[in-house]
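Peer 1: Spelled out, the chains give:
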Amino acid sequence: MKTMRQKRARIAAVGLAAGGAIVLAGCGAANEGSSAGGASSAPSSNVSGTISGAGASTQQAATQAWVAGFTGSNPDATINYDPSGSGAGRTQFIAGGVDWAGSDAYIKGDELGKAQQRCGGDIVEIPVYVSPIAVVYNLPGVDNLQLSPSTLAKIFDKKITTWNDPAIAADNPGVNLPSTAIAPVNRSDKSGTTQNFADYLKAAAGADWPYDVSDSWPVQGGEAAQGTSGVVGAVKAGQGTIGYADESQAQGLGQAKIKVGDQYVGPTPDGAAKLLESSERVSEGGPHAFAYKLNRTVTDSSAYPISLVSYAIACSKYTDAAKSGLVKAYLNYVISPEGQQAAQQAAGSAPLTDAIRQQITPAVSSIA
Amino acid sequence: MSAPTTTPATATPSTKPVRQLGDRIFAGSATGAGVLILIVLAGVAVFLIAQAIPAFTASPEELPGGRNLAVYIGPLVFGTLLSALIALLIATPLAVAVALFITHYAPRRLAQGLGYVVDLLAAVPSIVYGLWGVAVLAPASLPFMTRLQDYLGWIPLFAGPVSATGRTMLVVGVTLAVMILPIITAVSREVFLQTPKLHEEAALALGATRWEMIRMAVLPFGRSGIISGAMLGLGRALGETMAVAIILSGSGIVTFNLISSSNPSSIAANIALQFPDSTGVAVNTLIASGLVLFVITLLVNSIARWIINRRREFSGAN
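Heads up: the protein sequence lines correspond to chains A and B, in order. The first sequence begins at 163 in my numbering and counts up one residue at a time. The second sequence begins at 84 in my numbering and counts up one residue at a time.
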């Protein structure tokens with residue numbers, strides 16, 4: 163009995179000590195954050211208040227890192243983000259329910275007019291999150307798969323059904339391809355990843371991809387799985403499977419190299435950032451809207467064309483001065499090198515290049 | 084409340100019943116609870132109809148898929164019914180067998196433990212079944228499904244080609260069967276236990292074996308119970324969301340092929356998958372599909388009621 167009781171007391175003591183250590187560690191981290199942040203983002207050192215955003219779930223992990231980093235140096239600020247989806251985010255922004263929206267597609271057409279109406283002027287739209295989408299596959303014995311855009315489109319359109327198809331063999335000279343059936347895996351839920359992947363297929367292999375681009379997968383009867391984790395899980399579980407997923411989530415799987423120009427390029431954050439740089443700006447949304455028509459048919463082999471660019475959409479002026487100050491400070495942090503680095507660590511995204519940052523910084527500064 | 088509750092039967096022979104405050108409060112709250120159920124049900128129906136109307140009136144191009152509303156919802160209805168039907172076909176005989184074993188074959192101590200374990204199955208959250216289905220059952224069933232295709236491929240149900248990951252309608256049906264097993268078993272067990280002992284003993288006395296006794300006395304008596312248990316299970320299978328959403332590789336097609344990677348999705352799973360990123364008429368369309376599911380469930384339950392009522396006079400119960 164006695165030993166038992168002693169043992170219990172000791173366990174309790176260990177527990178207490180561990181708890182204390184966690185508390186201490188928490189303090190330390192908070193202090194570090196504030197000192198580091200304060201040093202780097204000097205112009206807007208201390209803003210306060212609450213702002214809320216909603217939209218793309220692709221930005222969620224990065225946004226968590228941004229909010230942690232930002233509120234570390236601005237402890238009086240509260241920032242909420244509801245990853246309700248791009249469409250829902252834009253709708254809520256237009257309705258005035260949230261102060262900014264995250265969206266995997268830039269705002270255009272009807273929605274653009276409504277957004278400008280809501281803001282009573284120009285909108286501010288900037289790319290904040292750039293990430294390569296990997297074409298992942300599971301085919302034992304084939305480690306270095308290379309695919310041209312048209313082969314890729316035919317595979318996902320179920321026109322090519324076995325791995326030893328001549329079209330795949332032509333892309334992979336000298337590789338011994340098995341006769342396994344191809345099982346293309348797609349997202350069963352709506353997704354910005356699907357939209358960007360389909361957009362690439364449409365732009366780079368339009369002849370072999372006769373579908374409209376949307377956030378739902380257009381081909382019926384493929385292997386459909388829920389979420390990025392579902393697709394990765396399905397590709398891992400099956401043989402001869404091929405799917406598409408955010409590159410940061412695709413570890414441990416084969417990643418196909420895609421033909422760009424006359425070379426085959428694998429998914430890298432640098433390649434995604436490079437793609438954004440070589441893309442043309444869409445002039446539709448006004449002086450502060452930096453939407454890009456991604457150059458899917460890029461021929462520069464340092465760029466990776468299957469990439470996703472997610473935007474933050476805000477107003478150029480808010481009626482509440484405290485709110486505009488906070489939105490401005492937050493977005494400034496998001497596009498800063500520190501913010502982009504935090505996102506890279508948390509979500510595996512590609513940091514914005516300096517060239518892009520120089521372009522979009524005036525837009526953020528214009529918020530008043 | 085000083086008088087014991089058992090007295091009224093013997094103590095007051097007068098014609099007018101005594102109504103105490105406690106009686107009235109209880110009667111009032113019971114009535115209120117009953118009415119509340121109706122109000123909630125009516126509220127759900129009103130919500131579904133009101134929100135579904137824009138989908139019914141919208142032009143086909145605005146709807147997801149860009150075609151008719153029926154073209155969108157039809158395959159979902161088919162998938163919902165097919166998955167629930169498979170589940171019911173597997174679960175009902177199994178549940179009746181388990182219930183019979185518990186009530187008539189197993190030693191009492193084992194029966195109690197087994198009954199407890201079966202009830203425990205009902206306490207597992209459906210998402211856990213979903214994860215189990217996709218991580219364990221789907222890969223494990225691949226060799227079985229390959230064999231089905233090899234030997235029974237001439238039946239359209241098993242035409243294949245077998246899915247590469249095993250996330251098929253058949254696996255969904257089996258998972259749903261496990262999920263609805265406890266409710267059917269529990270209801271059947273309770274009914275079997277209520278079989279009049281005299282019927283059973285009479286059958287045995289006439290020289291019936293135990294199986295003949297069960298067939299002649301227990302099963303006819305319990306038939307309505309089995310049916311209502313099965314209908315409760317069917318209700319759960321029709322509305323099951325997360326397990327189907329996680330396991331099934333679904334798209335908007337109609338096929339009886341149970342083992343390929345092309346399967347019709349179910350209404351509830353489709354809503355769960357599409358709702359988060361849907362806006363405008365797409366949301367109304369999803370709610371319209373929810374309305375269809377609501378009507379189907381209502382129909383299923385009404386049919387079950389009707390069957391039970393029709394059978395009542397033969398069953399020996401009441």
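Take these hints with a grain of salt, some might be off.
[Stated by the list, open to error] Now the stretches of chain B that chain A is said to cover, found in silico as 3 or more residues with beta-carbon under 8 Å:
no. : stretch
1   : 103 to 110
2   : 242 to 256
3   : 290 to 303
4   : 352 to 359
Hints were generated in silico from the structure; no laboratory data involved. Beta carbons: idealized from backbone N, C-alpha and C, even for Gly.
Peer 1: Each hint: holds or not?
Peer 2: Structure-based check of all given hints:
Figure legend: the stretch 103 to 110 of chain B, annotated as covered by chain A; annotation inconsistent (0 residues with Cβ-Cβ distances under 8 Å, at least 3 required). With a threshold of 8 Å between beta carbons, the proposed coverage of the stretch 242 to 256 of chain B by chain A holds, since 6 of its residues qualify and at least three are required. Counting residues of the stretch 290 to 303 of chain B whose beta carbon lies closer than 8 Å to any beta carbon of chain A gives 0, which falls below the threshold of three, so the coverage claim is violated. For the stretch 352 to 359 of chain B, the proposed coverage by chain A is satisfied: 3 residues have a C-beta within less than 8 Å of a C-beta in that chain, meeting the threshold of three.
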